[in-house]
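Asks: Order-wise, the sequence lines are chains A and B. Taken in order, the first sequence gives residues 6 to 223; the numbers are from my numbering. Taken in order, the second sequence gives residues 6 to 223; the numbers are from my numbering.
It is worth saying that the hints were derived from the structure and are not from the lab. Some hints here could point you the wrong way.
Because identical chains cannot be distinguished in the list, a pair is counted as satisfied if it fits within a single copy or across any two copies.
Here are the computed lysine-lysine pairs in the DSBU-like style, where the Cα-Cα straight-line distance is at most 30 Å [what the hints assert, rightly or not]:
1) K162 <-> K35
2) K81 <-> K143
3) K143 <-> K36
4) K35 <-> K81
5) K35 <-> K176
6) K105 <-> K36
7) K35 <-> K105
8) K105 <-> K81
9) K143 <-> K34
10) K107 <-> K176
11) K176 <-> K34
12) K35 <-> K143
13) K162 <-> K34
14) K176 <-> K36
15) K34 <-> K107
16) K36 <-> K162
Residue strings, one per chain:
There are 2 protein chains.
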Amino acid sequence: MKDNQIPKATAKRLPLYYRYLRILNNAGKKKVSSTELSEAVQVDSATIRRDFSYFGELGKRGYGYDVQDLMQFFAKTLNDDQMTNVALVGVGNLGSALLKYKFHQSNSIRVSAAFDVNDDIVGRIVDGIPVYPMSDMKEQIEIQQIDIAILTVPAQKSQDVVNTLVDAGIKGILNFTPARITAPEGVLIQNVDLTNELQTLIYFLHSNEPSFDETTED
Amino acid sequence: MKDNQIPKATAKRLPLYYRYLRILNNAGKKKVSSTELSEAVQVDSATIRRDFSYFGELGKRGYGYDVQDLMQFFAKTLNDDQMTNVALVGVGNLGSALLKYKFHQSNSIRVSAAFDVNDDIVGRIVDGIPVYPMSDMKEQIEIQQIDIAILTVPAQKSQDVVNTLVDAGIKGILNFTPARITAPEGVLIQNVDLTNELQTLIYFLHSNEPSFDETTED
């Protein structure tokens, strides 16, 4: 597998493919054509073929794909065949909503620990998830073997919290704060900025782009 | 302005540039070098120069950029010089959190109407925002001149709601549901899939990508 050469746009589409294959597999379907796949995930066939080509031979031309094989391949590729514990830091409005959020496509991603500074919730179990004080972060992240943290703290606290997370051994951060945080090499930061998303949508709306979809971008 | 030729990756960085310029302007700064800008927004200088080049001459080489001019330019480009009313459909966990969410970079984006089916909240004002029944959607979207909707309904309801929104005149949808929704040509759909974001992060973590940042993607 040529992992290191896969473009980010391709990587972002893998969960889409995987989700649809799971739906097909649950429905008892054995084969799927690239046309069906294309229609369901709304990515054009040429892009799908190019995406799949990074992983070698995944199917035979004109024959379609074996649903179960392909599903298992993506499960492995996305590490969905093993449990991933995730931490969430900052149980405010957005953090609380994310604790309740169903990670719908995945049986294997689980928020197993939350952290906050608020004495009203620290030490309690919120939506099934224990909320620890910040001082327990390093210990819990080690015990629970957590690599990934969701960051939903106030922007002005974000860099301090990131430093603590990195110190505790976190390797990937899903950053919901508007702050542009920095981390040492080897720690991945993925920004989800909701205002940016809205502003970009407004921009495209006013600039009359002919078509626009997140997942067909390259 | 060559709006129609701007790559999506560039468009997604414009809100970042704009936000930083507003911070500088508020701090009374008059000039900013491309190096300073690059460090603050964590986008390399070459990418910034290429992004800016789509908009013609925005500054003089070696002289830096005029903060206020550039800020005003981006305000106009992003339509942040006029109020944009936005609707939110589905006041569940995530929807409620988004009603409380501060659209931090923008004074001009405002959720002005929410819609839900739940009788407990319909007709009430939640976090300052009126929650209307679905049956009032068309009327309110017209009265309030709303072009954009945030979709936070259950996945299985999403396509029906999208059809209603399109019928009511909505031109852009920020889709937080995992469903792959479709809309007629001329209606833009931007997907924000939180499970995808996590899975992509997990994927990159395990594939040892050397570096990874949302905003430097092309």
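Asks: Classify it for me, K176 with K36: is the Cα-Cα distance of at most 30 Å met within a copy, between copies, both or neither?
Replies: neither (37 Å within a copy, 36 Å between copies)
Asks: If the cutoff is 30 Å on CA atoms, where do K176 and K34 land: within, between, both or neither? Let me know, please.
Replies: Classified as neither; 37 Å inside a copy, 36 Å across copies.
Asks: Between K35 and K81, at a C-alpha cutoff of 30 Å, which is it: within one copy, between copies, both, or neither?
Replies: within (19 Å within a copy, 52 Å between copies)
Asks: Are the CA atoms of K105 and K36 at most 30 Å apart within a copy, between copies, both, or neither?
Replies: neither (35 Å within a copy, 45 Å between copies)
Asks: Cα distance capped at 30 Å. Does K81 pair with K143 within a copy, between copies, both, or neither?
Replies: within (29 Å within a copy, 45 Å between copies)
Asks: State whether the alpha carbon distance between K162 and K34 is at most 30 Å within one copy, between copies, both, or neither.
Replies: Close across copies (24 Å), not inside one copy (49 Å); limit 30 Å.
Asks: If the cut is 30 Å between Cα atoms, do K143 and K34 qualify within a copy, between copies, both or neither?
Replies: Neither way: K143 and K34 sit 45 Å apart in one copy and 40 Å across, limit 30 Å.
Asks: If the cut is 30 Å between Cα atoms, do K35 and K143 qualify within a copy, between copies, both or neither?
Replies: Answer is neither: 46 Å inside a copy and 43 Å across each miss the 30 Å cutoff.
Asks: When no copy is named, should K34 and K107 be tagged within, between, both, or neither for a Cα gap of at most 30 Å?
Replies: Classified as within; 25 Å inside a copy, 44 Å across copies.
Asks: Which holds for K105 with K81 at a C-alpha limit of 30 Å: within a copy, between copies, both or neither?
Replies: within (26 Å within a copy, 38 Å between copies)
Asks: Classify it for me, K35 with K105: is the Cα-Cα distance of at most 30 Å met within a copy, between copies, both or neither?
Replies: Result: close neither inside a copy nor across copies, 34 Å intra and 45 Å inter.
Asks: I want to check one pair: K36 and K162. Are their C-alpha atoms no more than 30 Å apart within a copy, between two copies, both, or neither?
Replies: between (50 Å within a copy, 28 Å between copies)
Taken one by one, the earlier hints fail for this structure at numbers 3, 5, 6, 7, 9, 11, 12 and 14, listed in ascending order.
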